[in-house]
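*Asks:* Each chain, letter by letter, is given below.
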Amino acid sequence: MTAYLIATLTLVAITAITGLALNLQWGMGGLVNFGLFGFYMLGAYICGLLTVQGVPPLASLVGAMCSVALLSALVSLITVRLSEDYLAIVTLGFAECLRLFISYEEWLTRGTLGIAGIERPFQGLVPAQLADTALLAFTLIAVALVYGALQALAFSPFGRLVRATREDPAVVEALGKSVLTVRFKVFAVGGAILGLAGSLHAFYYTYIDPTQFSPIITAYAFMAVVIGGRGSNRGVLISTFTLILVLEGSRFLVDWVPHLGSSELAAIRLILVGAGLVLLLIIKPDGFGKEPRSAEAEIRSFTST
Amino acid sequence: MLEARNVRVVFGGFQALDGASVRLPAGVVTGIIGPNGAGKSTLFGVLAGAVETASGEVLLEGRSVARHGPAWRARHGLTRTFQLSRELAALSVLENVLLARPKAPSEGVFSALFSRSAMRAAEEVAIEKARSLLARVDLWRLANAPAGVLSGGQKKLLELCRALMLDPRIVLLDEPSAGVNPTRIGEITEFIRTLQQEGMSFGMVEHNMDMIRSLCDRVYVLAEGRVLTEGRFDDVVNNPQVASAYLGSQP
Amino acid sequence: MSEDATGLVLRDVHAGYGGQPILHGVSMTLRKGERKVVIGPNGSGKSTLMKTAVGLLRPLSGQILLNGQDVTALRASERARRGLTYVPQEANVFRNMSVLENLRIGHEFIAPRGGLAFAGRLEEVLRLFPEIRPKLGTTAGHLSGGQRQMVAMAAALMPDPTVLALDEPSAGLSPRNAELLFEIIHRIADSGVTLLLIEQNTRLGLGAADNGVVLVAGQVRLAAPTADILANENIRRLYLGGA
Amino acid sequence: MPVIGPSRRVFVAASFLVASAFGLSNSSQANEEPIRIGILAPFTGTGGPYGKEIEEAARAAAVVINDAGGVLGRKLELVAADDESVPTSGVAAARKLIDVDKVVAISGVWSSAVVLAVKPIAVEKGVALTTVGSADEITQGENKGLVWRFQTNGKDWGAAFAKAMAKDGIKTASIMVLQTPFTLSTIEPFRKAFTEAGGTVLDQVAFNPNQPSYRVEVERIFSKEPDAVFVAAYVNELSAIAKETFRSGYDSTIYAYSNAADSNGKFVQNVGKEVAEGIVHTQHVPIAKSTAYSRYLKQVNKPEGTVATYGGQVFDQIVMLALAMEKAKSTNALDFGREFPGLVNADAPSIGEPAEALKAIREGKSFRYSGAASDFRFAPNGDQTNLTYGHFRIENGVSKLVGEIR
Amino acid sequence: MLQLLLNGAVTGLLLSLPALALSLSFSVLRFANYAIGSYLTCGAYLVYLFNVLFGWPLWIAASVGALGLATLVVAIDYLAYRPLRKRSGVTLLVASMGVAIALENLVRLFAGNSPRSFDVAVARPLRFGGLRLNYEQLTILITVLTALVLVWIIFRLTRLGRAMRAVADNPDLAAVRGISRGQVVASVWIISGVLTAIAGVLVGLDANIEPQMGWNYLLPVFTAAILGGIASPMAAVAGALTIGIAEELATLVMPPHYRMIVAFLIMATLLLVRPWGLFGTRWVTR
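These protein sequence lines map, in sequence, to chains A, B, C, D and E.
Per the working numbering, the very first residue in the first sequence carries number 1; after that it's consecutive.
Per the working numbering, the very first residue in the second sequence carries number 1; after that it's consecutive.
Per the working numbering, the very first residue in the third sequence carries number 1; after that it's consecutive.
Per the working numbering, the very first residue in the fourth sequence carries number 1; after that it's consecutive.
Per the working numbering, the very first residue in the fifth sequence carries number 1; after that it's consecutive.
Hints listed in this document are in silico derivations from the structure and should not be mistaken for laboratory results.
Keep in mind that a hint or two might mislead.
Quick list of in silico lysine-lysine cross-link-like pairs, DSSO-like style, CA-CA up to 27 Å [to be verified]: (1) A:Lys284 / E:Lys86; (2) D:Lys163 / D:Lys75; (3) D:Lys329 / D:Lys75; (4) D:Lys75 / D:Lys298; (5) A:Lys290 / E:Lys86; (6) D:Lys75 / D:Lys302.
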């Protein structure tokens, strides 16, 4: 059971990082990145391909973060003019095309066979029995760093600027800030975080293939942010935990309801997951947290008309 | 100072501006009046760089700025307010104003992550400046409130503060008095006059003739995308053509 | 005064957004055929009052009566069917539909079926607004601000309402257009419709009404004939600016 | 098809009695915890159509084993989990099976991608992994004798198609292949064998899982009018492609995997007799004439002659796990995993009835297990060898065995 | 080439019904209903139930099934979307993801995973010179065109259509003009339910009936709707035709498995030139 909890917590942590990245891009920045899973996949693939080439895992991770950040930022240049819905579909289309490319360009990515035997960071240094625990520790550190960095950003003038571009890009332009630059940075930072999450995915599974990456990753990230309360990093952490708890906990259903076939139980489990999600949205309208402010003036009197 | 030459703007077949030319000299308030749909706001959009022109030129301090967007122009001393207030509703009043402070390295990702004390110091300076602006229009008491809860008039004032936070040399005011409590219009007028006397230049679209009369040296009258006439306020309002197109029986 | 003689009554209405009250106990009575204007500084709750009166905002407490019946719990669409129509301040026409369609929509969901025929009403309304007759085929979104205001008012008049509520008709209009519009409002009022008006431009607003209500900070500060309000130095100085 | 004769039945009953007596006499052992085996199957997602068949077969085998006294005096207990046909969910489910349910083996795994993702964990945790996945990579690398494939590998299967075509006199063929590790693994071997036998491959297209339509691919491949088209796909895609081919007016013969073109009769039921007519499929046999297979069909109440390839293979997995544990006298997969080859490769009399085989082990008799899905042998790496492929043709809605390919 | 165009046009028409349903509900409710794919699946299975298990002729089964789906869709709106109506479009989008997961698996629970077909024999194609047109394509062509004309008539010429367009244009104004939003919302769901069910039948005829059938169409449907300009329902049809034909013609220059990339590139380019969609009007938010 402990081993299972460790593995599940690692999963929570990776999902949390993905959720945090989306919270920066969509929660704060208003950029509906439906192609999130594509950047995540790219992170996993770059990291995976580098490690199997013999590059040390940590270096691969950094490489993945940098290259995904760069590519993500480049995509932002193309999409800067698009409004919400169109940005969503263009990023989604981009990610799907990327997945096709990875599935078919076998010379580079080994196609649908995937990449096996990905080395984890510090693999040689920890005994095999503690490998999962070590990875969990590593992942949790990553979550803490990402969370810290995003909180710092959220409370900084940069965070304010990002939220302002979400509210009204034209105003931001009129105030002398380039919306393109802000979006570029948001996509780059978000891309780096997604690259990190993807790399951790590769480390966790040690085997990656194109079928592991689908829009469901994007969907989970959106669920995490919406349930967590848009803009709140703390809320995202709580909601990812809840989300994985629901998803994984429902696996134990099979043990409680023994007289139904497994096909039926599997279906019931996913029905409950779907219904639970809707219910959560209805009964928890504000999510788990609230959006931070960049500056609170030292006055508390608050009147409104 | 700021000049538009023979500007044409077309929106999907509709001629919003049809060869309009205006000059906004330094240190004065230039008024732009005209009936609805005359293209006043479009003209401001062109001057500020938010609206693309089909032809014509925009000169800022003598140089053509056609290829520069609103952000660049704002960094070079030209900013604007909007006809319908565009406050950032989810941000606090203070944040709305702080946003407009001149571009600084402390606004980047790097300083937010690795150079926080410098960032904070810069913030404090900016907050102090924002405080003095907001206090002047009696909004400081609402500094932490989300801008969305302000009334229409307060939003207009917030926009004005936001524009001034940039330390601009020219501000384009699009109907600064619309929706503002009449008693406060006088204060705004005084505020603008003070700033003008300190050397700031303004362009102003306005329907409130009292305000135009007391602030503007020169007035342009726009109609159907063209400059109908220009001149001193009194000359313009006494122009019968203007009266029939725009002013009606008032003053 | 008996209640059947009244068009619209508000009794101790508290209303606001997200639980935050903006109106603090507003009461007023609009008699049949009366023209009433609500004025007051910005943020005093004029628009909230209007939205509550027509049913776009559910009051937190209080009562609203229309033609003697309690309509507090009814939605805007149901109040419209009982004779209260409304012209919002902005976005007051269906932009992507033709002027004729706007007028038709103004009529067909409110007028009782088998009641006044559309064609007849259209003629009557176009007589009030001859300016829009040539524009019937135009998409409403392509009209100028003043023309839109007219189409919006025409649409609101189509079902022959008992009470017409206008939210700042002069907003965004040039002085000339605002005056033209108020000429039309006079025409409408003369046709016998009960009129509730919110106006920023106090000079025009008070000029068009019999009675005025001064709203300050969500409360009625003064309710009096317009002539009295104009004569009240205090009110003039505090709320009406130089106008 | 041999029917279990009376003597055999008596024997089964007898062994049953012996086994229960054995169980009773060792009541202390009978009280012990059951031995748990995880069934990781695709109950939802692309592999959904096969999940039920896999689980039923595993349950049938467990009943047979438990009725024969269980393993080492303990009952087998199956814990099923849904891998949603996706590696990530597969890993999560596998971790739960291993760490929470403490299974000694994970069986049934259908998708090659899921196997490849689960394999590192199984190997690390010392849990046996038996699969019906066909990708060559599954058995490659360090497996510690834990990973066993109950399916032909793609290489042999591809070659079998070439041979079937050669026998049918096919000169020109084209290929439509679903982009998955399993299906792709059959393509190159097929091409090579087919070309070597003098055939010409005209064209090849790959397509993606879950495409809304296959019209484009069908147009492109069939318009060149090859004698045959090798459609490497599962039942969903094959159904859509077969219908599309028919209604587009093309006549090339379709060759497909049996698990797609028969699949418990679902294919014909789905596309209709007319469309299915003449479609050729191959699969390793003898599924139709083995004792173990009959036992399986009887246990799941399916009529004789049903082609349920994955079912047969999974049935074998559970039986083999039971036999291996019994033989190794251990429930540690690192011990019993190594017994797999010995159980089928021995030069000894064949036994197809699981209960009999169990008894033989307990009695120390030498034998070899002859499986339900095939009379297979194991190579040291975990691949099955010595497979015979059935060459079926659908005639009037029924699969007819027209020959065998070795 | 002509064959490719024909096939592409038919595929596009097939896409156009759910795309129309999607943008119809978007224009009135302001959220992109991710569950449209599973609605399609449910529709197909309902019709399958009547057609195969009850043995009714397909067209009767389809009519009853379409009404059944419409009821289901309205019920889902009542249970899941109505309590969230005041919330942002993305919240509703996420809710519809939940609905999609639940519905798809509800189908699985009752119908299992195996592919199924309607009780309709597959026939050889009609030939016009070199051009082949199969019966399913013909059915699609006639059904979709009829449905589109009917929707157009409802939309442009009826009281209900005006009410729908009015709510789409300006919900608050529509309310004060006496239009009951609840009724319009229900009508929109009924129409989109019927359209989606018809699409489900046509997809089932074209390929298989299986729990994932709608999911497979989701991306093309969304692409088509957005390409047309998601808030303008009739333009979604044009978007769908563009996607269908573009994907088909793409195979002339690329391997078929990459045809989505071409469709994507066309879409991206079009959106860069016309950021508000191919035929849509500029989105006014303020």
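*Asks:* Work down the list of hints and note, for each, if the structure agrees.
*Replies:* Checked hints:
1. The suggested pairing of Lys284 of chain A with Lys86 of chain E holds, with an alpha-carbon distance near 14 Å, which does not exceed 27 Å.
2. A C-alpha spacing of about 44 Å is found between Lys163 of chain D and Lys75 of chain D, which places the hinted pair above 27 Å, so the restraint is violated.
3. Only pairs whose Cα atoms come within 27 Å are accepted, and Lys329 of chain D paired with Lys75 of chain D is accepted, the gap being roughly 14 Å.
4. Proximity of Lys75 of chain D to Lys298 of chain D is assessed by CA-CA distance (about 21 Å); at most 27 Å being required, the pair is judged to hold.
5. Simply put, Lys290 of chain A and Lys86 of chain E have alpha-carbon atoms about 18 Å apart, close enough for the 27 Å limit, and the pair holds.
6. For the suggested pair Lys75 of chain D and Lys302 of chain D, the alpha carbons sit about 25 Å apart, so the restraint of at most 27 Å is met.
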